[in-house]
Amino acid sequence: MKETAKKPRSLKRRSKPAGLPPGTLIYVGERKVETVRITYIDYDEHNFAEKQVSNIEECFAFKTTPTVTWINIDGLHDVKIIEKLGQQFELHPLVLEDILHTGQRPKLEDFEKYIFIVLTMLSYNGDNQTVEAEQVSIVLSSNFVISFQERIGDVFDQIRDRIRNAKGRIRKMGPDYLAYSLIDAIVDSYFTILEKMGEKIELLEEQLVVEPTEQTLHQIHSLKRQMIVLRKSVWPLREVISGLQRTESALIKDSTSIYLRDVYDHTIQIIDTIESFRDMVSGMVDLYLSSISNKMNAVMKVLTIIATIFIPLTFVAGVYGMNFKYMPELRWQLGYPAVLLVMVLVAVVMLFYFRKKKWL
Amino acid sequence: MKETAKKPRSLKRRSKPAGLPPGTLIYVGERKVETVRITYIDYDEHNFAEKQVSNIEECFAFKTTPTVTWINIDGLHDVKIIEKLGQQFELHPLVLEDILHTGQRPKLEDFEKYIFIVLTMLSYNGDNQTVEAEQVSIVLSSNFVISFQERIGDVFDQIRDRIRNAKGRIRKMGPDYLAYSLIDAIVDSYFTILEKMGEKIELLEEQLVVEPTEQTLHQIHSLKRQMIVLRKSVWPLREVISGLQRTESALIKDSTSIYLRDVYDHTIQIIDTIESFRDMVSGMVDLYLSSISNKMNAVMKVLTIIATIFIPLTFVAGVYGMNFKYMPELRWQLGYPAVLLVMVLVAVVMLFYFRKKKWL
Amino acid sequence: MKETAKKPRSLKRRSKPAGLPPGTLIYVGERKVETVRITYIDYDEHNFAEKQVSNIEECFAFKTTPTVTWINIDGLHDVKIIEKLGQQFELHPLVLEDILHTGQRPKLEDFEKYIFIVLTMLSYNGDNQTVEAEQVSIVLSSNFVISFQERIGDVFDQIRDRIRNAKGRIRKMGPDYLAYSLIDAIVDSYFTILEKMGEKIELLEEQLVVEPTEQTLHQIHSLKRQMIVLRKSVWPLREVISGLQRTESALIKDSTSIYLRDVYDHTIQIIDTIESFRDMVSGMVDLYLSSISNKMNAVMKVLTIIATIFIPLTFVAGVYGMNFKYMPELRWQLGYPAVLLVMVLVAVVMLFYFRKKKWL
Amino acid sequence: MKETAKKPRSLKRRSKPAGLPPGTLIYVGERKVETVRITYIDYDEHNFAEKQVSNIEECFAFKTTPTVTWINIDGLHDVKIIEKLGQQFELHPLVLEDILHTGQRPKLEDFEKYIFIVLTMLSYNGDNQTVEAEQVSIVLSSNFVISFQERIGDVFDQIRDRIRNAKGRIRKMGPDYLAYSLIDAIVDSYFTILEKMGEKIELLEEQLVVEPTEQTLHQIHSLKRQMIVLRKSVWPLREVISGLQRTESALIKDSTSIYLRDVYDHTIQIIDTIESFRDMVSGMVDLYLSSISNKMNAVMKVLTIIATIFIPLTFVAGVYGMNFKYMPELRWQLGYPAVLLVMVLVAVVMLFYFRKKKWL
Amino acid sequence: MKETAKKPRSLKRRSKPAGLPPGTLIYVGERKVETVRITYIDYDEHNFAEKQVSNIEECFAFKTTPTVTWINIDGLHDVKIIEKLGQQFELHPLVLEDILHTGQRPKLEDFEKYIFIVLTMLSYNGDNQTVEAEQVSIVLSSNFVISFQERIGDVFDQIRDRIRNAKGRIRKMGPDYLAYSLIDAIVDSYFTILEKMGEKIELLEEQLVVEPTEQTLHQIHSLKRQMIVLRKSVWPLREVISGLQRTESALIKDSTSIYLRDVYDHTIQIIDTIESFRDMVSGMVDLYLSSISNKMNAVMKVLTIIATIFIPLTFVAGVYGMNFKYMPELRWQLGYPAVLLVMVLVAVVMLFYFRKKKWL
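Residue numbers (the numbering used here), protein chains in the order written: chain A, 1262 to 1621; chain B, 1262 to 1621; chain C, 1262 to 1621; chain D, 1262 to 1621; chain E, 1262 to 1621.
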């Protein structure tokens, strides 16, 4: 798991062979759950029913009931289930293909009778500090919402609670409000990831000031990559929500539209923050590189100072180490101390020069 | 205080748990004032009243009076007050959520009966040389303006004075002009921050020429970050004001529209200046890096010159320091001075070569 | 072959002499097949015929039959064939010129009676790890599709199979669906190339962490160039498909339009992925450069440590190697061990200093 | 003067205190002339009058005359004059504020009865090689043009001459043609500045090839800053002129519109040139940095060659300088010449190796 | 000639003094031909006449003949000729100014009776490997085309041939087709320049891999500049052709429009190619810089290895060269060989360490 999680989704898309007919149902992701889990929640203002079913046919009755029904499918590897569901609820083959072909770009498609929405749900994996993506597909009709997820575990538990306990206005509203709530929950969860990233940025900035290592750079690089993934999910999301808000479809009521505007604002805010983060992170690479070259300068300076002081002195010592027969200085009584003195003087002058040059 | 101020707002947004119903009222900021301060100013061309009230209910009467009423709330931690106000003045739950959920992107929402505006008020904190942000929310109706601030202290004192003393045309105009005045004051205060930044840029440029240190780079980096924050506030502000100016809402009178165009021009000018600053600052990073490598070059040159002159000379001295029995030169009368002469010649030739190469 | 494949197409376009009349039919590419291969597939829901013909005239009859006919031409060097075909099927001279003038930018032109589409088919050459481009021109009319390819071998075999075996809905649909299928196959094949690139990026990233060599940089650079080529093909492709989808031409039926929207989504996804790859690759250049300078730092440090420790010690040895007559220390009983001790001390102090400076 | 001129205008804008009522008349610039100079030129096809007046009231009569009147004000520090003029000619308070609040972004405002234009007049100061900016505000009405400048001296003398001597068509045209002429003169003067910059770029490029110094980089940086200033003036100018050209105001006659298109083309050309210059200059920074590192390489090579040749030789000399009692070589008759020969051989081999490596 | 050709046109525009009346006829270029050469070609489907005239008046008759007349003027220094022509053919003074004021941005102006087109004709000068620009102005009317060139020599010879020999459809079409042909020839000639650039890019890339020198960088830089010039010509060209194609002028017939679309496609392709080239070239600068620093690393490594091996050895030799009276080792029988052995061991250990560190 850890292994695969490191590679951003975009690099792993298993493409279908070119030329296959459109609507061919093959699940391209990896099997992430043992068995497909199908649950439904059926409600209106006064009634409520929730059940995990083992057989997709149990949900077919809800197609025509006036109540709001939310069918949730966790696990996509059983193509049969998706196919049956598609036939029963009259979904276009391309919709089914998109559901199974995970790794889709977030998008919105209006098929009059229903609206098809593809989203990316992101979650932060604390173990290997990466962002993991999962495709959530939502089919919104006039009396039901069907959601498809790759694995069990999502950010919708609060919504389920609100339906169960009739908190807020969700039980009084239609399936469009439910769909909005799902989207809102996904968008809200992005903020959590941004916070994690913000914390990491601050951590790295501190490291950069105190003790930058090659590790720091690799972490900056990995942060950059995560942002690229995040960005790829959020930019199209913006179009999706803006499309939902401005749609002329009767499936989205005006009363829900104002809530969509709110989610839209959040999306813009997320985009703004990502862009700011990108700016910050690219500034950090500069900081890193310059701190590396500053360090190198410091090293070079020490070398230069030691070398430039001692190389001339060693030369002088070398001169008086020569074995010429006729070197008058060697016989002077004060030759040795005089040479030592000269050496000290040379060293002092040099140190003074370096100080003046601000190398010390 | 100093600690938190260092971190730009965007990195600190405390997100609400994903899936909470929209309109849930939780204040996400830190409590910045002891007690919530509520003041109102009620005026028309001839009358004027100003009061600090301890109870929000005292303001409810103004909802229907024909005079212009400006209710200002400093401090948002008491959710109850906001809730009551919201109910009385019929504000949408999402509006209340946005007021409390500080750190919003500046935005404009038209709810027919009132217009809701979110702005960011920036102030320069001289102590730690950072820009601090505070969310100001404004509700503009046909006969009142309600403003919400996170803490006491704002840039509106001049406006209060003008109302008190009936300076200018403010007392003759409606609440839209008051709202315009608040926005104008906030936008004008951005210029002060730009001036501070301009001064800092000049200071840093001088440092770059005279004596760049690693500190300089960190200051450039921090300046860059402040600009990212500023930019995030100003770009959406532009949309807000442009939206206000072109709105078809009856709440904005034509006579005010021309003033909004003026603020709009200021916003554009601020954006232009920020972009210019960004260009300048990124040029400064280049300057810094190249001055660092210039310094390194200077250091390297000294090392090279000293080493290349003395290494050969030391070699010569080493040769005549060898203890071979049969070294004829050692016995020559003039061996020693001849070797010294050769050494001087070598040194002179090298210095000449370096001068020719312009390394000296 | 290997030689020419290295050079991206854009650098090789053999331009026609300036001022030649438009519609002059000269094939500018290299002759890539021995003989031109002409095949046709003629079908409707119930009938099917497929044949390789040696004479283009055999296809002329299909111009007016109500069945769907797909004429495929592999090899463009025989200008005569193209000319005859053009006359018979009433193609505009500029269309014929574009077919022969390979290396065109993907484009869409609507001539009422037919639609002319130029696409770039890319294939990954495993031998020299480059992307090879081939121009595919498609003429779509109300009852036939003519496709022109530079050489034998394409990504359409799955489509031929589907027609032969009446798989999917292809036999029930018109020529617009056939044209869509061709485009879809080409777009799908891009994903394969993206996968190869993704794998290469991961490989290079690993190399960057473990053992970056100059080779790595050249591979990054070559990857960058391939992306430039890919990008040049995909961006205009997007316009082509979006144009097809929104066209008001009667040649594209509504039922096909929804499939075109699907291809359009894929194109956007390809563009997104390319842009992400570009971001990643440019981050890799930074990583490479900094790892190079890190290596250099490591080398410099060793030099500095060795040099700064031994240069002073050698100087001390040099001093006591001088031949002055009066050097009292030389005669001390403990002179030699004392000097050795001093040397060890100097070395230890220096090592300690380096450790403190974190150079070790 | 020299001092202030160095700082680009954008960094000096003295902001008015936030919250001051709009239309407050304060001149924010520095007093640039001793006394305000007011001149008018009054003309139609047959008549002409020109006068410098000491009292603004002398111009009031022209408000209603059918002749074209051009009132020019040099110097803005006397707020009273502007105020009186504003009242007499019915200018909006915000217009007067913009006139006095120099450092405005070029803009165009249509007040039905008159059009208000703000432009930036640039002049090249040869003394300190900087570009100086001055705000020119123009009020264009159906029978007069009022222009406001910060100081005496402008680029309008040719226009005055043309009016005086009835050269060209200016005397036959209305005030819109006069306003056009003023704008045209300002835009033309930008070309002069571009020429100066072009010359400087060429000079710097030559310096880069021959002898780049740190000074060169600072000049490139200063050039970059001047371009930022220029750009800030020209981009909005484009909008102003395009706005004038497309305006539906009756104040701009169709016959003038064609001339405005011409100025518009010039503006685009200026923008193109600035963008090209920016590209060139940023390429120059790369050139500079690489020439610096090339120089460093050259220095390093010399050091390496000298050091790598002599360090081993010195070692050999050191070995035979050791004082071991039993060193057989020292007593060989040919020991000394043999060692010298070995040394020469080592040096030759090394030089050969360096040549092979192309370091020489 | 060679001298001036080096400087891109944009840096040389000799501006007219600010404030000169528009339409003032001054030729700002350098005189590039001895005498102005005036030629005309007059044709319709059946007739053809071609003549070089010495007097512009000879062409005046063609103003009203129904045949298509192409008047070509080589050389612009004789302002009189242009003026007379302008008067006779009723050209707007601004048109004449633009013709003479060479160095214009490519543009299209529709004067109802005629269309005025400015283009840049580029030619590759093999001598100094630069791109040379020449302004070509075209006036297209309902029965004539006038073209103005700065010097003799153009890319229109093929067109003249086609007219003379009635090749293609040119003799059957009107002046709009002739104008299209001229534009097409110019655009086609850009491809030749792109090819030259492509070849140069490949050459430089090879140099970068094999043996990058400072010369290489200067060539990359010069290539970059040429691209800037090319880009400045092509981007506006795109607007010109797109304008021509969408114009509602009766001067452009529908049958010509389809040919214009073809030229438009070529322009887009040229732009694409230039942008790709830019991307490639900027990648090359990175490659160059990193190959430089790789070389430096190689040099540094050699220095480090030599120095770190011999510096300690020299120290050891120095120790035993000291003249202390009491140094027991010096008297050992095996002292000398032992020391030599130690030295060899030290060297071997170090070489082993370097190999392990992959520095060898």
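Worth flagging that the hints you see were computed from the coordinates, not collected in a lab.
The model shown is predicted, which means the values in this text are computed figures rather than measured ones.
In this text, a Cβ means the ideal position worked out from N, Cα and C, and glycines have one as well.
A couple of the hints might just be wrong.
[Claimed, not checked] Straight-line distance between alpha carbons at most 30 Å, and here's what the computed DSS-like set of lysine-lysine pairs gives:
no.: 1; chain 1: C; residue 1: Lys1514; chain 2: C; residue 2: Lys1324
no.: 2; chain 1: E; residue 1: Lys1562; chain 2: C; residue 2: Lys1618
no.: 3; chain 1: A; residue 1: Lys1617; chain 2: C; residue 2: Lys1324
no.: 4; chain 1: B; residue 1: Lys1556; chain 2: C; residue 2: Lys1617
[Said to hold, decoys possible] Covered stretches of chain C, going by a simulated chain E footprint (3 or more residues, C-beta under 8 Å):
no.: 5; stretch: 1568-1574
no.: 6; stretch: 1605-1617
[Unchecked claim] Label-pair distances were calculated between CB atoms; the ranges are:
no.: 7; chain 1: C; residue 1: Ser1518; chain 2: E; residue 2: Gln1390; range: 30 to 36 Å
no.: 8; chain 1: D; residue 1: Ala1322; chain 2: E; residue 2: Ser1315; range: 35 to 41 Å
no.: 9; chain 1: A; residue 1: Gln1476; chain 2: C; residue 2: Arg1425; range: 54 to 60 Å
no.: 10; chain 1: D; residue 1: Ala1427; chain 2: E; residue 2: Asn1404; range: 34 to 40 Å
no.: 11; chain 1: C; residue 1: Ile1287; chain 2: E; residue 2: Val1294; range: 57 to 63 Å
no.: 12; chain 1: A; residue 1: Tyr1614; chain 2: D; residue 2: Glu1463; range: 36 to 42 Å
no.: 13; chain 1: C; residue 1: Ile1287; chain 2: E; residue 2: Ala1310; range: 50 to 56 Å
no.: 14; chain 1: B; residue 1: Val1471; chain 2: A; residue 2: Asn1389; range: 26 to 32 Å
no.: 15; chain 1: B; residue 1: Glu1291; chain 2: D; residue 2: Glu1295; range: 32 to 38 Å
no.: 16; chain 1: B; residue 1: Val1471; chain 2: C; residue 2: Asp1388; range: 56 to 62 Å
no.: 17; chain 1: E; residue 1: Pro1598; chain 2: A; residue 2: Tyr1587; range: 31 to 37 Å
no.: 18; chain 1: A; residue 1: Thr1474; chain 2: E; residue 2: Arg1592; range: 49 to 55 Å
no.: 19; chain 1: D; residue 1: Ala1427; chain 2: E; residue 2: Ser1315; range: 32 to 38 Å
no.: 20; chain 1: C; residue 1: Ser1518; chain 2: E; residue 2: Val1340; range: 58 to 64 Å
Now for the hints, and whether the structure bears them out:
no.: 1; hint: Lys1514/C - Lys1324/C; verdict: 20 Å, holds
no.: 2; hint: Lys1562/E - Lys1618/C; verdict: 23 Å, holds
no.: 3; hint: Lys1617/A - Lys1324/C; verdict: 91 Å, violated
no.: 4; hint: Lys1556/B - Lys1617/C; verdict: 25 Å, holds
no.: 5; hint: 1568-1574; verdict: holds (count 4)
no.: 6; hint: 1605-1617; verdict: violated (count 0)
no.: 7; hint: Ser1518/C - Gln1390/E: 30 to 36 Å; verdict: 52 Å, violated
no.: 8; hint: Ala1322/D - Ser1315/E: 35 to 41 Å; verdict: 59 Å, violated
no.: 9; hint: Gln1476/A - Arg1425/C: 54 to 60 Å; verdict: 58 Å, holds
no.: 10; hint: Ala1427/D - Asn1404/E: 34 to 40 Å; verdict: 37 Å, holds
no.: 11; hint: Ile1287/C - Val1294/E: 57 to 63 Å; verdict: 34 Å, violated
no.: 12; hint: Tyr1614/A - Glu1463/D: 36 to 42 Å; verdict: 40 Å, holds
no.: 13; hint: Ile1287/C - Ala1310/E: 50 to 56 Å; verdict: 31 Å, violated
no.: 14; hint: Val1471/B - Asn1389/A: 26 to 32 Å; verdict: 47 Å, violated
no.: 15; hint: Glu1291/B - Glu1295/D: 32 to 38 Å; verdict: 56 Å, violated
no.: 16; hint: Val1471/B - Asp1388/C: 56 to 62 Å; verdict: 59 Å, holds
no.: 17; hint: Pro1598/E - Tyr1587/A: 31 to 37 Å; verdict: 34 Å, holds
no.: 18; hint: Thr1474/A - Arg1592/E: 49 to 55 Å; verdict: 52 Å, holds
no.: 19; hint: Ala1427/D - Ser1315/E: 32 to 38 Å; verdict: 37 Å, holds
no.: 20; hint: Ser1518/C - Val1340/E: 58 to 64 Å; verdict: 60 Å, holds
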